[in-house]
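*Asks:* So you can see what is in the structure, the chains are spelled out below.
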Amino acid sequence: MTQAFRTTSGGRIDRRKAINFTFNGQSYIGYEGDTLASALLANGVHLLGRSFKYHRPRGIVAAGAEEPNSMVQLGEGATTEPNIRATQISLYEGLTASSVNVWPNVEFDISAINGLFAKIMTAGFYNKTFMWPRSMWMKLYEPVIRRAAGWGKAPTQTDPDIYDHMHLHVEVMVVGGGPAGLMAALAAGRAGARVLLVDEQSEFGGSLLSKKRQIGAKDEAGWIADMAAELEAMPDVTLLSRSTAFGYYDHNYLCVLEQKTDHLPAAERKGKVRQRVWHIRAGQVVLATGAHERPLVFADNDRPGIMLAGSVQTYVNRYGVLPGKKMVLFTNNDAAYEAAIDLQAAGGDVVAIIDCRHEVSGELVDAARALDIEILAGYAITGTSGGKRVESVEVRAIQKGAKVYTSAARQIDCDLVAMSGGWSPVVHLFSQSQGQLEYDEEKVCFLPGKPRQAQQVAGALAGQFTLKECLAGGYKAGADAARATGFTPKRKPAAPEIEEPDLGGIEPFWIVPGSRPIGEGMAKHFVDLQNDTTAADIELAVREGFESVEHIKRYTLTGFGTDQGKTSNINALAILSGILDKPIPKVGTTTFRPPYTPVSYGALAGRNLGDWSDPVRVTSIHDWHVENGALFENVGQWKRPWYFPKAGETMHEALNRECLAVRNAVGVLDASTLGKIDIRGPDAAEFLNRIYTNAWAKLGIGRVRYGLMCHEDGMVFDDGTTARLAEDRFLMTTTTGGAASVLDWLEEYLQTEWPELKVYCTSVTEQWATVSIAGPKAGAVLKKLAPEMDLSHENFPFLSFKEGTVAGLKARVFRISFTGELSYEINVPWANGLALWEAVMAAGAEFDITPYGTESMHILRAEKGFIIVGQETDGTTTPQDLGMDWIVSKKKPDFIGKRSFTRSDTARPDRKQLVGLLTETPDDVLPEGAQLVFDPNVPKPIPMAGHVTSSYYSAALGRSIALALVKGGHGRKGQKIFAPLEGKTVTAEIVDPVLYDKEGERLNG
Amino acid sequence: MVKYSIFTIARNALTGHQNWPKQWRSPEPKPEYDVIIIGGGGHGLATAYYLAKEHGVRNIAVLEKGWLGGGNTARNTTIVRSNYLWDESAAIYEKSLQLWEGLSQDINYNVMLSQRGVLNLAHSLGDVREGVRRVNANRLNGVDAEWLDAEGVKNFCPIINISKSARHPVLGATLQRRGGVARHDSVAWGYARAADALGVDIIQNCEVTGIKREGGKVTGVETTRGDIAAKKIGVVAAGHSSVIAEMAGIRLPITSHPLQALVSEPIKPVIDCVVMSGAVHVYVSQSDKGELVMGAGIDSFNSYAQRGSFHVIEHQLGACLELFPIFSRVRMMRTWGGIVDTCPDASPILSRTPVDGLYFNCGWGTGGFKATPGSGWCFAHTLAKEEPHPLNAPFSLSRFESGALIDEHGAAGVAH
Ligand SMILES: Cc1cc2nc3c(=O)[nH]c(=O)nc-3n(C[C@H](O)[C@H](O)[C@H](O)COP(=O)(O)OP(=O)(O)OC[C@H]3O[C@@H](n4cnc5c(N)ncnc54)[C@H](O)[C@@H]3O)c2cc1C
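In order, the protein sequence lines correspond to chains S and U. So in the numbering used here the end of the first sequence lands on 1005, straight run, no missing numbers. So in the numbering used here the end of the second sequence lands on 416, straight run, no missing numbers.
Just chain U, same shape as in the assembly (with noise of 0.2 angstroms):
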């Protein structure tokens, strides 16, 4: 792998970048590997990576049916953040944040992880009650939180309306000042270079059509370029995971809903964190382009179509104007939709299945852009390992037949 720095840019520049490497290849499939990766988004080529190079498993494909990086990893409003409530997502989380924060190092290629502070609003008493609850309970887990009053709130993003008028006025805030924002692309190729480096076979355009099984136990899969076989298969396939579920006989509890973004059009930086209100359903980050980027509410109806309602985004930017009086006027510029993979507790599931070898890695839903360095590599070390991280065993399968269930819907709303 050629490292990449200012100095090989320079250096390029003389040869008029005639002489750059791929960032990857397109090898064609090999007819077996020890590991398939279904799914080339950012947790998928994630888990490859730290297979890899955690684990010195070298014989593993990442096959991705359409180009790596398409699915909800383009489409996500990049928010970074680990101030969760229950311990166990806490830990998790803080740990894809510590992974975050040495990333662009790792894998030597700028993420762009921008850690601007992310606010979280409280609109009424009682959001005020959870918001001061989870502030006290990421500082008793190590996880960096404040807690803002309003004022404090205008002081940390002065474009913010906070008059005691507005319909939902603010009355506070959490703010974690570790978490902002990433570059979804720069993560979905910068983990695919570098697992290429170490080995891995991305494999675009193959889309698995079914899992093969011996005696309760994988063989293999069938894809639109022809069988392959492996030893163990991960499934990383966000809002598709219950069709490839499906495949090998198993239902899981995940609904899929679209869930929509927007960007506005670029201007000057007006907003220098990010803002999230679960109650009145508004997300807004500037880019490093200068765009607005907000996220929309989750449509209730399921779909794998990657669009979805037109009034979900009149709702959210009417929202948003109760915040930011400021953009109306603004333009926005593009909107697009993703298929969010949700589970009954707005938590994941990286897990074993009742099929031998086959382990799945989903139902990050709304929130999963967060956690793609620490999915990959907790998946990695339970497919590695055949047994789960202890970050991770309490995120199984079987929490749904327990009831040890880790209920995230109260901390966030829609927890981007």
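Next comes chain S alone, as it looks inside the complex (with noise of 0.2 angstroms):
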């Protein structure tokens, strides 16, 4: 029988587009227009999935966001999706979708087993249990819990979908389509503001589209299509459905997600953006977020078929299904009667009327009595029955105001229950906002107090559950938002003729009595339905000392489901200050937390994933690299040629190829990545001399020099070279990790510290491209490209830089040395990086230039004991411990680090100073990282001495290397010291750190 439950006409399906589907392997047929839920409720599937902990047969209990049960795993494969609310989900053709966490299947689940175990799985219990014997917790108790934990599946394959972020600015931003949203953007458009209008859902109307009114001379179709036509004509308007905004930030910064692509068939999604995160900042917001309804707490309340009764006029009315054909009402408010008198009227049957109130009267309940529809009031239900799908309802009187029942119970048979217990402003936002509650006892509920960001709430949000009152709230909130942002709203538009029955009248019943205490007996009262969490679990937490509502919430779980409570959290506090004997509003709330409903991680990150997750660095010799076989390596966001492979050349053989050549004729490495700052001003020397441990005041313009810089602490953090372009002028280099850190640092001395110091710093790292060659040959390259340039030692010494041209190119050379061997850093224009290269390989040609990597950098270096930061250093090491106390001024009046220097600790001498290790045998490499001790041979825990932080096979003394942090390590040398590995021991003698050329001869080639 296909949609048997569909009615014969109305709502706002199109019965002429029928839509195949798959739920539970089992094929259906619905129509464009319908939701997941609304289309297996037409075809008579209520039983959608199972309980968290007793596995019990759940149903769709409302329409929208706040569904608390009937999540599915949607779709297959690449795509698929695990906890999507049916609710929520527009019908598409082809769709799939099968319950979670069922096994085998939904219908039989042996997991239903642990409603045996009810009575012992109360709130709380694994605090109390699963600790002995002690190793059964990881072997037997937690897997099991492990195993039981979770809804749907996360796909196992790359997501092939893409995501993206947008940002915009809006005077007025209006969330909720519903007449008071809509109301509010008009007004605010016909303002002239700028206005973005959100909604969650597939269209806009809200509450109105569940609804049958008159307005004016229109239907509430209507009157939302001309609403919508007009916001839509408006340039300044931006409309956003099946959006939803999920989190509010401070200064009225909201996040919104537009799920652009989820309703269509797979076919149709292809290449589109699936999914977009808004990033909105608003002038003003207004809030106009609707309200929720409340289930109510009985005995066995969460059988399928047991619904809420607005959402029960939301199928009935918008998308034209019966939810059940024999349906009894418990409510114990007259707005309720609305789900009846329109269920009777669409061919259902409803069978009675349970009102929990002694007197009941009014428009709706007199309209009720007119379909001979039986109300018994001051009755209640006090148990239901059915396996899959709810049978019938036992009903009893209740006295008023007490705790106890008044008659014996009544069978009432039925196949739908619709519950209301009131309404719940959908206050999530605007606490998200900051904004504190007030509790409203005549509504209810909890209402919005003062707002703590430029903002205005607008219907039943607002407490206006009345459509005139939406639709004069909503006005009034746009043309406030309007004004506030600077705009003239027009005169206010005579309000329509609306046809609504009067509200009526409400009574706060939060749970219903029982024979015997709440908790006693097989029966549960259950509060939050997604986390199984019944009154008596509230109870229980009273009782065992959790009274703060955020620990009730944590030791019952309560609100801590997908839907974050959205049906239950009210129940719950209220039930909780039955309890306490409190009033509700001196039990306080719990947070709402963002996101309003969940965002898919993928959203989240947009598109910055893979190569964008981080942006790539690469300099403009890069190519070059690539295509010369460069392995590369990662320094901080750069690319760095790692070393240079022959073809079947191993790593080992390839890096001593490169380090010989260096040694014996000429390299070359691409420089490019080190950090560069231009410094100006005329402090710039004062500021340097502040910064760096040494002297700059007197450094020569043309010159360079080698400086250090510490943190407070006196611990080194960056060094490099800093030339002196002109009196006023520096160009600093940094490490190619450090360039942002040291440029940060520069500027927040300047900004906070020393304001009164003219210098300005700009990066130019990306401005020039450095080619440094090195080696006995590299004065004879460089003489071929600079021709005219003076390079005789005495014109052109160490540590001084000249302009010129080179390859034809305009340049700044800079005699400086990593290496230990004679060197030229090339600077040229970032553009011209490449022309340089290929000039310089060209020109070494006939000297066999050899191209080499950081690998090979490090170890040349290694040889001569010069130190990286961030490898000999570890943000504990000073200059003293590095043997460099020649680089600490002990003349300047102060700079960052001097004051620490005297420190105790840090002045002690047997702190872990650099020193260089030889290996007992040659060919030993140590790992570097290897901790090192002076004593083997004790137990553990061993004393440390220091550790590893460089080691290498040097091809030029062919033997291996290592720079270590020795304890003490200057006063040792001559020591043998144990680096304990896995498996072995290696000894070592300490010596000195420079282990190549101590005399520094090969400088000048």
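Each hint should be verified, as a subset may be incorrect.
[Unchecked claim] Keeping only pairs whose Cα atoms sit at most 30 angstroms apart, straight-line, the calculated DSS-like set for lysine-lysine is: (1) U:30 - S:586; (2) U:385 - S:940; (3) S:270 - U:22; (4) S:586 - U:65; (5) S:270 - U:164; (6) S:967 - U:268; (7) U:289 - S:119; (8) U:3 - S:119; (9) S:450 - S:639; (10) U:289 - S:139; (11) U:164 - S:646; (12) S:639 - U:154; (13) U:65 - S:450.
Because the hints were derived from the structure by calculation, they are not lab data. Keep in mind the model is a prediction, meaning the values are calculated, not measured.
Relying on the hints, combine the two individually framed chains into one complex.
*Replies:* The structure is reproduced here in structure tokens:
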């Protein structure tokens, strides 16, 4: 039987467009405009899943975002998604979905056996058991708990979809496109403001889509269409449907998830952005987020077929579906009567209205009576029966205000229970915006108090529960928002004539009394359907001393589900207030946390994936390196050539070749990634004097100096050479990875500590490409490229630089060396980097010039005992530890780090100090990071003396070399030290860190 | 104290669970205590418990401005490990881990310690060097540690993307098998119950607003529930430590920052260990309820408001999908923030202060949950004996004068 529960007419579905879909392997047909939930109900399917703890059968409760139960696994393969609410899935051709966390299937679920242990699985029971024997926790108890955990499954493949981010500034952002939100957008739009209206649903209209109303000359559908049309025609109004504002942050910053293709058949999604996160800054925000209906808490209120009354009305009116044919309504208010009246009108049968109030009267009540519906006033549902669908309810008279029954039970058969405990305004975003809630005794709900941001509230959120109030309230909020952002609202249009029933009364009613105390007997009074939290759990929590509402939430898990307790929070709170005998507002509410509804990780990441997750930076010579077989190393964001293996060469062989080339002839390195900062201003020299540990004031123009920077604690944090370009201008180089943090550091000091210094720093890393040539033949190569340049040692000494022309390119040439060889660093404008490199390669061909990468650079400098910041240092190393006392000025009045050098620990003689290590067996290359001990033969914990910071095979020396930080190392040269590795212990001798060309004779080639 | 076990549960089930006693009392504050602990988070409650249990101090109050365990204890990503670099840290965190291993039994409350292994990923040659260094140091210190190459990482956690073409490819990882996660709330509640049973007064909704002193010595506190006298005061207030220090005229070298975390919707088990990556800023584990629990980066601004910036979360999820591409369609369910108390050297302070009788336990920053038992144990010793235990002696305030810092920045980025 297909769509046996579809009404004969009406609804906002398109009956001409049938849609095929599959649920739990069974094929069904629905209509365009359906949700998965409405289509399943049309086919008589109520059983969608099982509950979390007890695996009780569960069905659809609501019709929107507040749905606690009906989560499904949507789709298959790479695009499958866990835990999507059937009530929020627009039906599309070919949709497949299945129940989650059931085995073998939802009809027969083995874990339902948990129900037998329900008496044991009370709130927090796991804290009290599974402790003996201790070893069984990891072996048995926890694995069982984990296997039971979770709802749907993550895909096992990479997501084929794309996501993106957008940013928007508007004067007025309206959240919620129901009647109030539409009016607010209209008022602000007519005033001329830039307006954004967002709504999570597939179309605008909100609660009005579920009701029958006459507004002026139009019915509800006509009125909504008119509103949408006028808004759409306004050029400065942006309308986003299927768009959920999920987070409200400081300074009217809101984030919205737009679902762009989730409602389309698979074939139509290709190549489109699936979801988009909008980042909005709004001058004013109008919150018109509506209200969620509250369930009533009674015995076994969780069976499939027990639904919210307003949602029943939605299914009937909006989707043309009868969720049941024999309905019992259970309510504490008049408004819910409309659901009964509408269901009856659509061909259903309302067998009884159970109203827990003793006196009922009013327009809607009269209308129900006129339909001959039996009304049992002063009654409550005290039990339900039915396996996978509710079959009957048990009702009894209850005493007003008291917690007892006053009559015998009566059974009423039904296939649908509609319940209404009143309405809870959707205060989530308001709360996120830091607003406080106020309890309204009369309306029996929490309402927004004073806003904390530039914000208006309207509609049901503001306690405006009639359409008339909503339209007026919405218009006012929109106009106020426009005015607050500098616009003049148009005169308010005359209010249309609205036909709607009188709202009638509501009486707070939180839990149906039982014949025995809650929790005894087998019945369960569910408060949070998703987490299987019962009223008894809340009582237990209070009994055990948990009184704060946050504790209750955590102990019982109420409100901790994927629905974040949209239907359960207030009931839990009210039940708690009853137990504690404190008024509801005194009990307080829990915090609402973003997101309002779940947001996919993909959408949050947007396009910032892969190479876009972190910018990839390459030099202007990069393509040459790639073409010539370089392997790359990531250094911060940069790709640097690591080494250049030739065909068939091992890494070891390649490094030996590269290093020997530098030592014996000439090598070339792309050094463009080194950070470069142009430092200018009359106080530039003074600034450097304070930043570096050594003296800078007297550095001559055209000269270069090496410097170390320390943090205030005296620990080295960066190094590099800096050249004086002019009296008031320096070019600083930094490590590749440290460039950004050094610039931050300079700026922080300039801006916060020494604002009186006139100095300006500019990053020029990517203005200059740097090609470094090193080796005895470096001079010969440069001579060929810069015949005009005087390269004599007298006129171009070590630590100086020249401007001139190299290979026909405007260049700065620095005579500095990180290898100990004669070396020139040629800087040319970035775009000319490759041209220079190729010219260097050509000029060097006759010397067999050899490109080398970072690894050889590291070996070459280690042979010379030069440090690498971040390798020989780790934030705990002073210049003195590195044996670089010579670079710490004794004369300067102050510099960053100076005062720390005299601190007792920093001045301690047995600090870890930089030394060289030579292993006993020359071929043993110590692993970097090996820990060193003076005595390996003691039990653990073995006192450690230091660690290996750098370690290589040195081709030039024909043996392994290492640098290390060793306690008191400077005084231990010649002593033995041990590296206890897994499996063996390596012995080494402590030596001076400079192992090659100790006299520095090679610097001049 | 009624002993918890499956038998007591079964017995109570027969009486509809009507007879469970309160897990802790809600006493009115007494006029005077021997020791007042300010801050009813995990560390404060553990301190009170060990003071009573190990040192026989009976007249103790824990003053908590909100609900107990509601600070960072309730907000963290619950990673527990002890594989720190420096000897001083390794010793105190390892003491802590050892206490964790017997904690459920000791306090008769299942804190659900789940030792499923913690991976710290290396994404660059520098990370590898540091990782190997830490593993070697851990081994010599008697802390379990292993180094895994990329393949080893994949074997241990099959859903990690170890592709070489990833933006920051996985080059290896340190593994501590004894590391894992625990259930944060249970830790606070378990210590509260155990402390209460030993007579400790846990006083909630009681904010300390002033520290009373006479002649350089503490005499008590001012609170929103009146003045309370005390001979000794231990401050364990995490993100609000500097606020309380100021009440006593002390400045701490601590800055408070927002740190956020988030969970996904519960899904069936997909990841059976803890994965941390300091370099790309992701921390993931899966809770016993099925949620992916993830820590975000720290906000660089100072704040006492328990919320951080949204872009931090977006950034983190980008990094997450680099490592775990299959999470793209999993959905973020809840985000929140805590306020972390960070020290310049990323190590805590458990110390006497210039004010007699006033002690501080703070600076745990982004990574103090794992230290809860050890921190409480050491701090209890310090309060009882009026001098630090050798385990916490290195973590004194004076190190900021002497320069004997214990710099753990290098070891793990944002160290959870
Ligand atoms: C997002 C996040 C993730 C984290 N992840 C990890 C992790 O994975 N692993 C890990 O080891 N650590 C982690 N941490 C750190 C860890 O949470 C903390 O270091 C630890 O929980 C601190 O415990 P505590 O008891 O000292 O602090 P808290 O639990 O914050 O307790 C301090 C208490 O002091 C109270 N208080 C403050 N001022 C006053 C006053 N004036 N009067 C009375 N009471 C006061 C507060 O209300 C609070 O309850 C994380 C932290 C955050 C925020």
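*Asks:* Now, for every hint given, state plainly whether the structure supports it.
*Replies:* Going down the list of hints, with the structure as the test:
Between residue 30 of chain U and residue 586 of chain S the alpha-carbon distance is near 25 angstroms, which keeps this suggested pair within the 30 angstroms criterion. With a C-alpha separation of about 28 angstroms, the suggested pair residue 385 of chain U and residue 940 of chain S falls inside the 30 angstroms cut-off, and the hint holds. A distance of roughly 58 angstroms separates the Cα atoms of residue 270 of chain S and residue 22 of chain U; the hinted pair therefore is violated under the 30 angstroms criterion. A threshold of 30 angstroms between alpha carbons decides the hint, and for residue 586 of chain S with residue 65 of chain U the separation of about 17 angstroms falls inside it, so the pair holds.
Between residue 270 of chain S and residue 164 of chain U the alpha-carbon distance is near 28 angstroms, which keeps this suggested pair within the 30 angstroms criterion. Distance restraint check for residue 967 of chain S and residue 268 of chain U: the Cα-Cα separation of roughly 51 angstroms exceeds the 30 angstroms cut-off, and the hinted pair is therefore not satisfied. Distance hint between residue 289 of chain U and residue 119 of chain S is fulfilled; the C-alpha atoms sit about 20 angstroms from each other, no more than 30 angstroms. At roughly 19 angstroms between alpha-carbon atoms, residue 3 of chain U and residue 119 of chain S fall within 30 angstroms of each other, so this suggested pair holds.
Restraint check for residue 450 of chain S and residue 639 of chain S: the C-alpha separation of about 53 angstroms exceeds 30 angstroms, so the hint is violated. Pair hint residue 289 of chain U plus residue 139 of chain S holds up; C-alpha atoms about 17 angstroms apart against a cutoff of 30 angstroms. Proposed proximity of residue 164 of chain U and residue 646 of chain S is supported: the alpha carbons are some 21 angstroms apart, at most 30 angstroms. Taking the CA atoms of residue 639 of chain S and residue 154 of chain U, the gap is about 25 angstroms. The hint holds against a cut of 30 angstroms.
Restraint check for residue 65 of chain U and residue 450 of chain S: the C-alpha separation of about 25 angstroms stays at or below 30 angstroms, so the hint holds.
Consistency with the previously given hints fails for numbers 3, 6, 9, ordered from lowest to highest.
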